[in-house]
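Read off the chains here:
Number of protein chains: 4
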Amino acid sequence: MDRKDIRRIAVFTSGGDAPGMNAALRAVVRTAAWNKLHVYGIERGFEGMIDGHFKRMERRDVANIIQRGGTVLRTARSKRFMTPEGRAQAAEHLRSYDIDACIAIGGNGTFTGAKVFSEEHNIPFIGIPGTIDNDLFGTDYTIGFDTAVNTAIDAVDKIRDTADSHNRLFLVEVMGRNSGFIALHTAIGSGASSVLIPEAETNLEDLKNVLKKNKARGKLFSVVIVAEGHPMGGAAGIAERIQDELASMEPKVTVIGHLQRGGAPTALDRLLASRLGHAAVNKLMDGEENVAVGIVNSLITTYSFDDAIHREKKPESALITMASILAI
Amino acid sequence: MDRKDIRRIAVFTSGGDAPGMNAALRAVVRTAAWNKLHVYGIERGFEGMIDGHFKRMERRDVANIIQRGGTVLRTARSKRFMTPEGRAQAAEHLRSYDIDACIAIGGNGTFTGAKVFSEEHNIPFIGIPGTIDNDLFGTDYTIGFDTAVNTAIDAVDKIRDTADSHNRLFLVEVMGRNSGFIALHTAIGSGASSVLIPEAETNLEDLKNVLKKNKARGKLFSVVIVAEGHPMGGAAGIAERIQDELASMEPKVTVIGHLQRGGAPTALDRLLASRLGHAAVNKLMDGEENVAVGIVNSLITTYSFDDAIHREKKPESALITMASILAI
Amino acid sequence: MDRKDIRRIAVFTSGGDAPGMNAALRAVVRTAAWNKLHVYGIERGFEGMIDGHFKRMERRDVANIIQRGGTVLRTARSKRFMTPEGRAQAAEHLRSYDIDACIAIGGNGTFTGAKVFSEEHNIPFIGIPGTIDNDLFGTDYTIGFDTAVNTAIDAVDKIRDTADSHNRLFLVEVMGRNSGFIALHTAIGSGASSVLIPEAETNLEDLKNVLKKNKARGKLFSVVIVAEGHPMGGAAGIAERIQDELASMEPKVTVIGHLQRGGAPTALDRLLASRLGHAAVNKLMDGEENVAVGIVNSLITTYSFDDAIHREKKPESALITMASILAI
Amino acid sequence: MDRKDIRRIAVFTSGGDAPGMNAALRAVVRTAAWNKLHVYGIERGFEGMIDGHFKRMERRDVANIIQRGGTVLRTARSKRFMTPEGRAQAAEHLRSYDIDACIAIGGNGTFTGAKVFSEEHNIPFIGIPGTIDNDLFGTDYTIGFDTAVNTAIDAVDKIRDTADSHNRLFLVEVMGRNSGFIALHTAIGSGASSVLIPEAETNLEDLKNVLKKNKARGKLFSVVIVAEGHPMGGAAGIAERIQDELASMEPKVTVIGHLQRGGAPTALDRLLASRLGHAAVNKLMDGEENVAVGIVNSLITTYSFDDAIHREKKPESALITMASILAI
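Residue numbers (the UniProt record's numbering), protein chains in the order written: chain A, 1 to 328; chain B, 1 to 328; chain C, 1 to 328; chain D, 1 to 328.
A hint or two may mislead.
A pair counts as met if it fits within one copy or between any two copies, since identical chains are not told apart.
What the hints assert, rightly or not - Calculated pairs, PhoX-like style, for lysine-lysine (alpha carbon to alpha carbon, straight line, at most 25 angstroms):
#1 K115 - K313
#2 K212 - K79
#3 K213 - K36
It should be emphasised that the hints constitute simulated quantities derived from the structure, not laboratory data.
Bear in mind that the values here come from a model prediction, so they are computed numbers and not experimental data.
For reference, chain A alone in the conformation it holds in the complex:
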């Protein structure tokens, strides 16, 4: 791959949407324009690639979107792209638009699709990690994570008002699929009594003891954060297992739900998305391909799709320990 070759690129968002995807798209389009590249936006991810939904994007087309949640290119999960026929059709469209390279904004599934496709059809890809779950190896933060955590904390702050007024126990379930990042950060940020995540063993006896001790010590209410992917069945599963013994605390379950995916991105997500979108174009120009961009120790980096897909990223155990010390 040679720098001179990259003249026309395509960009799309795929998989679950995340706040900041628009900021990343804006950065891709403007950095590309600054480098005299032509950019095409593909609607609805791999679905639009198969259906040929391409549109030319210039600087002004990404004006006034940096602050918007969701993705103006829309997104989808594509079953057809899992078939060789679907991918062949997509490749045809890319060729008909003379696309030299693609930038894919999404998570694990997106990168898996990109890897298979680029190997099959020899079109270079750069990935930008966009998912609220922060579960991608290779980057300290994914786009949307900080916004989701802030939204969850804001919700828990509100729930505390009512928990506090009623002296109650609340089990609050947050998103994150199989990963506990959102739950752990929400728990620390909201001063929760406890946090239950898939990455750490859950001892229900300990949990019950902590809650009882807290009450004995004068703590008037308790909030426990549970990751949706918790193997005991999320917040509802935990509640079922403890409610008899803690009935006097009137345990309530609340699932924060899809609002965690939306909303104006935070400052950090806008900055991260801008940096990663900008870097993705620069890395393409530098001749890199089939890697994702990321941020590690505040610096831009790249990592292979394989690593992103197969290696596991886990919350630091030091943070888990700290959370329990500060919750006392």
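Dock chains B, C and D against the given chain A, drawing on the hints supplied.
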């Protein structure tokens, strides 16, 4: 009852908490202080009245609480107060503190307790309507309703980001117990496609047709607001009944939940709570008793506990009609 | 004017923008569409009318704007419209598009222009009151007022954090042009120590005494809200007059500024704008003309442009009194 | 210094307040309690140290403060502490309470005071960097910076609504004292047209050309972010220099002001403050002294007070370049 008699009053919050209760408490305490009354705050509503949890409250004790959700006096539902023995004990405590009258901040259940108690023990009460549900006859607005609606709309605004990005159908359940006020106002304010409330008949065929027509017309996603008290079983119940036929829209259910009870009160709730708290003391001074204060057509008014408890308040049908015209 | 005649209408926003204008526009377009009227949107108010910037608007053109601040039709102040020549050109454009009636969303200046124009060129107008200042006679609330007050209160809540931490005096200036509505409602809602508005006499000696007494009583910080139109020169003017005597409180001036005009509209502003936009079309269909729609005591009403322009609306004195009692 | 020696510590906040200081305080108190240390909180920083305003703080005393802006210990700037007599008096109080070490939460001025004092009176200090300005060498982020940037961006998002509606130029001044971090991050996050900071040369001709070119290219409004410490006199100074030439854009100045200091801390600030408060106690237990804790490349680190005070931290030039590319 003669004005000179009111020298010492007690105030408490009871039932479900609502944002703005603190602002009402502040207004009660400061208006009372301005009128040289002594004020006692009772903790945890009727429970604290039975247990004698009274504390003297002066002007500075309600500083810096106008912006806080929940209630600093805490609240509870009291089973003991439903027994004559419990109420006798409460009356004893009021007498031992020489309380001439009580101000109760709460909803239907609170007013019912106040009515029974004041008849039994001859202690004058004034009620202040505090409930997010807005289901109290006699007042156009209850304290907390505007905040709850704003919280729900903010959540739906966020859900729209992701609904829009995925071209999906969302069924969003909001609070309100048996009443559809929160649902109707949330639906109008969030531009929802449809709203299902207990006070209006639900025709599922119409609903499905509207959603299909919208899609045919180019509407890319739909949000339907469902009141938690909807007789078909809230949002989950509706989803079950329509999901087969609308499977292509990938219907998702989300329950906004307890965060609707919390948060800093809105401007309107702070103003309303301030006016009602101020009026409650003034009405007591004027010799009124066993009524609740309210706001009708922007003016302070009073209404009997009986009316508040037994008469029904329903959303205006004109608003329901307008909601469906604007949703098209 | 006869109901049958109204087939095609134009709508525009003019003067200062206000949150909720988009919700009003949406309601106009959708109610008109429901009544089979054709709607044209005019860009940049009277400027666009003179320049012929009209565009057909259908139901889907106002999708997804109810939550946006500002106005998608943009707005402007037009000097040319103050000349007979400018207005003649505007009338020509309206005729060339066969417009039967206009709906103008704006404040005092907008209604003045509408009145002069409709008299000169015999085109019926309906006004919708949109201004954050709430200074229009004939309606209890104008579109944007509730949002502006909430924004101001949110800002003061933040300023209190720092005022409280430093034991300081803050003079906070809010918008409102010559009117004190925003200031008064912000002061009540934020629990300010005092409020200075053009509609009430300001006694600086009293102000200084209140602040000193508060300090003596243990109040650790004070926030004074000043209307921008205060005749002593806003917050800066007041500060100059009191700072020597209150130097120990380290008085700081902060001007909240233009952010009060923007942001997603509140629930109340979305509902109000929806109701007024809906009513404006209905009133046109009913044959009314050259009036503005409004809301008085929760009911839709109309009032002449003359009243809106020439009669004065003032904050209730009872609220001013209450504010000072609760501030103690 | 030996671990066994640290039995009683004091903690205080000093200088300008910053959101997250309460979260840091909570982490200090709870980590200390977990380590069986006794903690005293000192009110109003060095002022309270001189006046002997100490209070015992236990776990429950820092409950429910993680989400609050400002500082519950209050803060002050102390002239008396700049004199040897003032410091001697402070040392006396520390000795009378048997304090083995102090933890100081604040910025540059706080660390300077700590350094002088600990040298004079041989009491070990650990500093925690709390300032919205992010201008402290030795740590990537200071507590409060992320919140301030989010508040500023939220304000600019609102100002854009009105700027966009009117096709106007806004010059928005943000805080940061002599540093441009807040301005640069706000500009990137809000998609501003340009940013003017003390650390980069300002070429007014370039600025005017960019704004004119943007307008020619169809950009309908422009927002320029100016750091308060900009040597040309902040936003007002810049406006004065460009307004004649750009009069057609109706340039407006708005100063966001003190609200940037307040508000509930963001997720990141709560996490950062928790980590730094936790680390400060751990470092004390490890025998470190007269250093500040910080975070560099996501890892906890320490640095001498001298470095914090005398070495300069500047925004990365790569970010400044990126900001201008993305603004196009």
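Hints, verified against the model:
In the homo-oligomer, the alpha carbons of K115 and K313 lie at most 25 angstroms apart inside one protomer (20 angstroms), although the nearest pairing across protomers, at 41 angstroms, exceeds that limit. For the identical chains of this complex, K212 and K79 are inter-copy neighbours only, at 23 angstroms across copies versus 49 angstroms inside a copy, given an alpha-carbon limit of 25 angstroms. Proximity of K213 to K36 under the C-alpha cut-off of 25 angstroms is restricted to the inter-copy arrangement: shortest distance 18 angstroms between copies versus 64 angstroms within a copy.
Checked against the numbered hints given earlier, this structure breaks none of them.
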